[in-house]
Amino acid sequence: MHTNHQLANFSARLREEIRRADEGWAFPFEELAIELHQLQRAHNPAYRRFCEARASRGELTADWREIPAVPSAAFRELELTSLAPAERTAVFHSSGTTAQPRSRHFHSVESIFTYECSLVPWFRRHVLPEWGERAEFMDFLALTPAPAGAPGSSLVHMFATVQREFGEREQVFVGKISTDGAWSVDVATALEVMSRAVAAQRLLVLLGTAFSFVHLLDSLEEMKTRLVLPPGSRVLETGGYKGRSRELPKAELHALITDRVAVPASHIVCEYGMSELSSQAYDRVCGETQNPKPETRNFLFPPWCRAVVLSPETGREVADGETGLLRLFDLANVWSVLAIQTEDLAIRRGDGFELLGRATHAEARGCSLMAH
Amino acid sequence: MNLPNYFLADLPPEATLSAGMITEACQTLKRNRAQYLRARTTRSLVELIAHVAENWRETENPFRRHALDAGPAATGFSRETLARGLDGFFAQFTVENLNALLAQELGHAQRLDTFAATGADERANRSALANGPELLAHIAAGNVPNPALTSLVLGLLLRSAQFVKCARGASFLPRLFAHSLYEADAKIGACLEIAEWRGGHHELEDALFAEADCVTATGGDETLAHIRSRVPPRARFVGYGHRLSFGFIAREALSGFGAKKIVTRAADDVVAWDQLGCLSPHVFYVEGGGATTAEQFAELLAQELDRREAHAPRGKISIEEAAAIASRRAIYEVRAAHLPDTRHWASEGSTAWTVVYEADPMFQPSCLNRFIYVKAADSLAAALRAAELVRGKVSTVGLAAPDERAEALALELARWGVTRICPVGKMQHPPLTWRHDGRPALGDLVTWTDWEK
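Protein sequences appear in the order of chains A and B.
At position 28 of the first sequence the residue is numbered 75 (the working numbering), and the sequence of numbers has no breaks.
At position 369 of the second sequence the residue is numbered 938 (the working numbering), and the sequence of numbers has no breaks.
Chain A on its own, in the form it takes in the complex (with noise of 0.2 Å):
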């Protein structure tokens, strides 16, 4: 097919060059991005319809910044695929309520390895950063559902992809899935592999959302139990809470991670994704010592992944330190939309961002009866 062919053979070059940037070249975004940008327009009918609809703005733009963004919302009403629906072989869906339709960004063969491709250098340099030096292997141990159990969550392909490239052993998620579809996790079982590993002193990669971590640690406190992980174990948190555990501000639930299983804050790592990108930021590097507090710590995404703050106010980019919304340039969506509007308010800090968190959580000085 034409469609497939064009993208395909981007998809090729974009490898290629995050591959590149894995050794050290320069990656070339803003040639990349206008590239992609006029491929998505071309081969996206949902995201070519919303481009013309902005009549003002409708002709191809040279300048990646004017690239016009799809609120991360519209993947809930919206098919914003490049993807015939005989190629879609994964779609992966937003956790969001039961209430409101799922975002559905979907996947073939190919945008899962390019997905894949994005995400293990960048997962390696903050999470695994000795990776390759040292001789021995980690053990993994995801917080999560296995992949079977939770075909649509990114997050679990994510963990999945991580431990089939940098694990030596079987692959561990210690989730389960109740019956209304929440999840939370196996503690008994967890607790088996971290006592393993504190045995058999292997270093331990815990991965997890800062709910099911709040979930694990509370019943290590109910079970007065406390673990001392190897030196050198480390945590990667992402997410958010959802209502499905006692939310804990993120320096608490980190000195709680200290506290009951001994690995210290340079360890902890936290990403920031989201079913609609393809590719994630990490505040820190594992075991650097600078910057140990969390709340000072600043998202970073890879070369291929550019990050912007605007003011909500007048859709402009904030100056370094002020408050915006978080808009995303991912050249790994390449079958989908490169260009994401979030519902997230983060601090631009340099190439960064300090994230805040969604907008719509804000407490509302209105008269208003319910939550968006």
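Please note that a few of the clues may not be correct.
[Claimed, not checked] Computed cross-link-like contacts, SDA-like style, restricted to lysine to any residue with a CA-CA straight-line distance of at most 20 Å:
hint: 1; chain 1: B; residue 1: K962; chain 2: B; residue 2: R692
hint: 2; chain 1: B; residue 1: K885; chain 2: A; residue 2: G362
hint: 3; chain 1: B; residue 1: K885; chain 2: A; residue 2: E369
The hints are simulated quantities; they were obtained by calculation from the structure and are not laboratory data.
Given the coordinates of chain A, work out where chain B should sit on it, guided by the hints.
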């Protein structure tokens, strides 16, 4: 303007309140009330209120000037919004209107002074007297100032000592109004207390509730339930839950010049207090089959809101509120690009105003700050079906309809559960005699003594 230190809200922001301070303030209020307020005649209080309200409408009045000069920074409303809102509000407080309120609520304007009888009472050889609470505590909400100001006036008519607990950052206007009463009559001012703290501060609130014999509160259902559970049984609790409002424009109202007039009035309702009150419209339903379609009405309303922004701009809003508007606009931009029956209009380079037209009549709560939905409805019945989700939560319906249909429509709205129906353009300007949420204004606060002779 340097205000003297009369009230707790006058203390410097770094001062921390204690339960002891609240108790002491309440006891002082009650003593002052016994000495200065209890024996005042209704007539003298009505005259005082009318006098102070009239002063507030004089351009040179120092309180008014301070409200307009310092108000934008303190309240988030623009000078023009404040001027229009305050002028409309204080215009209500005339001697005539206050007496009409007393007559409506108590059957007789003198019933707070002495035993008085209505015609029917006389025939039955009985009369009655109404007593106000000794100490009335108000837990005010933060969105718009008029409910707190109205509460103060009602309490004054009842000769109650009053303690107004304002929401965080919302004491500016109640405090100014209390100062203006103090200036007009220091003895009356000594029976008022204004304080500000973040709602849910149990220590302070429990001290207040322990002293009050009547507590009014405005807020969300959860807040009200929480307060109610903490008010001691001997005190009366009167709660006003959050409400929302909408407009309905009958097809006949939109012919010829009528359309332009209704659009102007609809804009009045959207811009008043930047749409933040319970009486502000979230949606305007436009009945199908008229000379102007809902879509055309939406476009005209957008043009009008754009004009308003030039001379009565919306106030500054928080980054979270702006983000809520920006995010909501973004999704409607997507829908408008894909659906023929959705359109949107928005201010350029700001979040000042937004109009969303949808053919789908399903009621949508707005994110406010001048973000208004215009929806098509085949009939009032269709609009009410589409608003079923908010039934029981609707305060006001702004109605534009020809005389020959108005009564039938009003009846339909009343049966459905709407507690106030008013012309479009007047939604944020209820009269003094308005029964808040369908409840009596004074009647819920007084205790009667019946005398059967």
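Here is what the structure says about each hint:
no.: 1; hint: K962/B - R692/B; in the structure: 41 Å, violated
no.: 2; hint: K885/B - G362/A; in the structure: 16 Å, holds
no.: 3; hint: K885/B - E369/A; in the structure: 17 Å, holds
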